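A.B. asks: So you can see what is in the structure, the chains are spelled out below.
2 protein chains.
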Amino acid sequence: MLKNDTFLRALLRQPTEYTPVWLMRQAGRYLPEYNATRKQAGSFLNLCKNPELACEVTLQPLDRYALDAAILFSDILTIPDAMGLGLYFAEGEGPKFERPLRTEADVAQLAVPDPNVELRYVMDAVRTIRGALDGRVPLIGFSGSPWTLACYMVEGGGSDDFRTVKTMLYDRPDLLHRILAINAQAVANYLNAQIEAGAQAVMIFDSWGGALADGAYQKFSLAYMQQVMQQLKREHDGQRIPNIVFTKGGGLWLEQIADIGCDAIGVDWTVNLGQARARVGARCALQGNLDPMSLFASPAAIEKEVKRTLDSFGTPAAGSGHVFNLGHGISQFTPPEHVSALVEAVHTHSRMQRAQT
Amino acid sequence: MLKNDTFLRALLRQPTEYTPVWLMRQAGRYLPEYNATRKQAGSFLNLCKNPELACEVTLQPLDRYALDAAILFSDILTIPDAMGLGLYFAEGEGPKFERPLRTEADVAQLAVPDPNVELRYVMDAVRTIRGALDGRVPLIGFSGSPWTLACYMVEGGGSDDFRTVKTMLYDRPDLLHRILAINAQAVANYLNAQIEAGAQAVMIFDSWGGALADGAYQKFSLAYMQQVMQQLKREHDGQRIPNIVFTKGGGLWLEQIADIGCDAIGVDWTVNLGQARARVGARCALQGNLDPMSLFASPAAIEKEVKRTLDSFGTPAAGSGHVFNLGHGISQFTPPEHVSALVEAVHTHSRMQRAQT
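Same order as they appear, the protein sequences are chains A and B. Number 202 in the working numbering belongs to position 202 of the first sequence; there are no gaps in the numbering. Number 74 in the working numbering belongs to position 74 of the second sequence; there are no gaps in the numbering.
Okay, chain A solo, but in the shape it has when bound (with noise of 0.2 angstroms):
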């Protein structure tokens, strides 16, 4: 039994006490118990593959600060991976394949992986850390988009352009359309054995869907995303699993996004929260919003910021939910006791906010 379902509760449109909150990458550099951790396990990917350490460092915010979920340890490109592209971080350099998707021969050979074989290592994070949550908040699992995986699987890397998978784009749309079919494929399967492994809530990070094209974004992302979602779990041992759909940069497609029914919408910091609400109406909850570079400013100003987003909302009544979180995944470079005044404030100022109505 879950001690606080706050979290889900939001995601479901259902009343809660007070707003939840959770942070984008929330287990990670800023935190110096992490970084001791992952230098422990020797590198990052050892610490994504190694279970006990997973879960180690998914518990690690949660003990500092009163956060209402806890997201699985892991990395967003263990799909392509398992997918047999080669994975690995060069120093300072963020991720890359050692064998990008280039030609109609690369993309003939790719395959969706199972599961529960090749990303075995991640359902056993997902079960160790539910047993050492045992109850105290609800655990996300996640994966990237279709698209944004293909980005990075075609370009071999990060890209500040998406040139070389744009161009493909462009020039030759049926060989991408069956790279995302294969992703959108894979991901469901991935979600779906995590939520069989224990995940209570699942994300989709679309981190580069806001790259494309009015119209691409429809093609390329969000048809892939909905095919995910027709596949999904929608609940497990007799519990709703609701899940969250995230395009930085997709504010313009809120609509659209709400269309592929999804439970949750994340919406990055450009967006008015209460215009978005506006505008999904009672189809979705949102999830966001604060500007990750508010937290470098003084507590005082922090609360000021977030009593702003939570203000922007407006009070969840009937039908609506609020998730609180960043628009963005927090900044390495965030001081840790910066966090506490956010998620203090969250709590309060929802609480005012409700008893004020």
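Where hints are given, some of them may not hold.
Heads up, the list lumps identical chains together, so a pair's fine if it works in one copy or across two of them.
Said to hold, decoys possible - Below, in silico cross-link-like pairs of lysine-lysine (DSS-like), each with a Cα-Cα straight-line distance of 30 angstroms or less:
| # | residue 1 | residue 2 |
| --- | --- | --- |
| 1 | Lys219 | Lys307 |
| 2 | Lys233 | Lys39 |
| 3 | Lys49 | Lys96 |
| 4 | Lys233 | Lys3 |
| 5 | Lys304 | Lys219 |
| 6 | Lys307 | Lys3 |
Hints listed in this document are in silico derivations from the structure and should not be mistaken for laboratory results. On a predicted model such as this, the values are computed, not experimentally measured, just so you know.
Using the hints, position chain B against chain A.
C.D. replies: Showing chain B alone in chain A's frame:
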């Protein structure tokens, strides 16, 4: 007298025979002739500061392509350089300032430069280019927005998270407002001096407005562009001087941008032009918005994307106007011959659109 005023008429929402086109950063590193002139100048800054060479590179793309406007070749950071911050370019690192604004004392010393003294080289370039153009097409003058200049002035260079300037924004908004007020006056004076020197339209590049949170954008970027608008010359020598405001990533705020009284709004490729047209109505023309990465595809694919972009705007009718452009500056790696395909497709298809209605 202008031989081709299609661009100006589209900005003023007057009928045109076809959709005019120019490209942000059209004089630049993708052209071998530009690289030759730059080499001759010795450095990028020398090129900006030499009116004859700046004129030469401004005209280079017009000799290759049937573009409908020329844009002054200059740097976005001439104003803070004229304020004494010490602009320099570290090899492969982009622009930097020797003396960024960090303290109250730094900000207290900031003053509005006289564009006809400290920025005289820019006005000389405008006059030289106007002479060399001899009425072929209109000349666009430009400036960075007050906020975008402030980003560089406070960060001391480019940034991927704007941590320093945003910390000032959240912690010391008074300091940032002082910088922005001075920048707004400097930008207004600078653009008015360009108009007096011969610029026939002006554009404000708010390249980093889209990095701001909703709410902060309105207070820290849009409000200061409005101050510029209020002081901007709208006529010179009996001619209307239209202006364009371009906030990259500003698609959510188009109605509010239209409210500051600009003639045209630049939009990036995430925006649907038809929806944007419905949102701003007859208040403003639109400029944009092809994904610059589509220029890496084949000429046939480029033509298809151009047609899609023109069709998304629809046929310009009374009170509407469309200037074709990319949604951001052209990439330095673009094959120059692909730009011919783009320009031809815009002209051909937009004439066909008009013939069909």
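A.B. asks: Compare the structure with each hint and give your call.
C.D. replies: How the hints compare with the structure:
Taking CA atoms no more than 30 angstroms apart as the test, Lys219 paired with Lys307 passes between copies only; the shortest distance there is 17 angstroms, against 37 angstroms inside one copy. Taking identical chains as interchangeable, the C-alpha atoms of Lys233 and Lys39 are never at most 30 angstroms apart, the minima being 36 angstroms within one chain and 61 angstroms between chains. Only within a single protomer do Lys49 and Lys96 lie at most 30 angstroms apart by alpha-carbon distance; the minimum there is 17 angstroms, versus 41 angstroms between protomers. In this assembly of identical chains, Lys233 and Lys3 lie within 30 angstroms of each other by CA distance solely inside one copy; the values are 23 angstroms within and 64 angstroms between copies.
Proximity of Lys304 and Lys219 under a CA criterion of 30 angstroms is satisfied inter-copy only: 15 angstroms between copies versus 39 angstroms inside one chain copy. Taking CA atoms no more than 30 angstroms apart as the test, Lys307 paired with Lys3 passes inside one copy only; the shortest distance there is 26 angstroms, against 57 angstroms between copies.
Comparing the model with each numbered hint stated earlier shows that hint 2 is the single one that does not hold.
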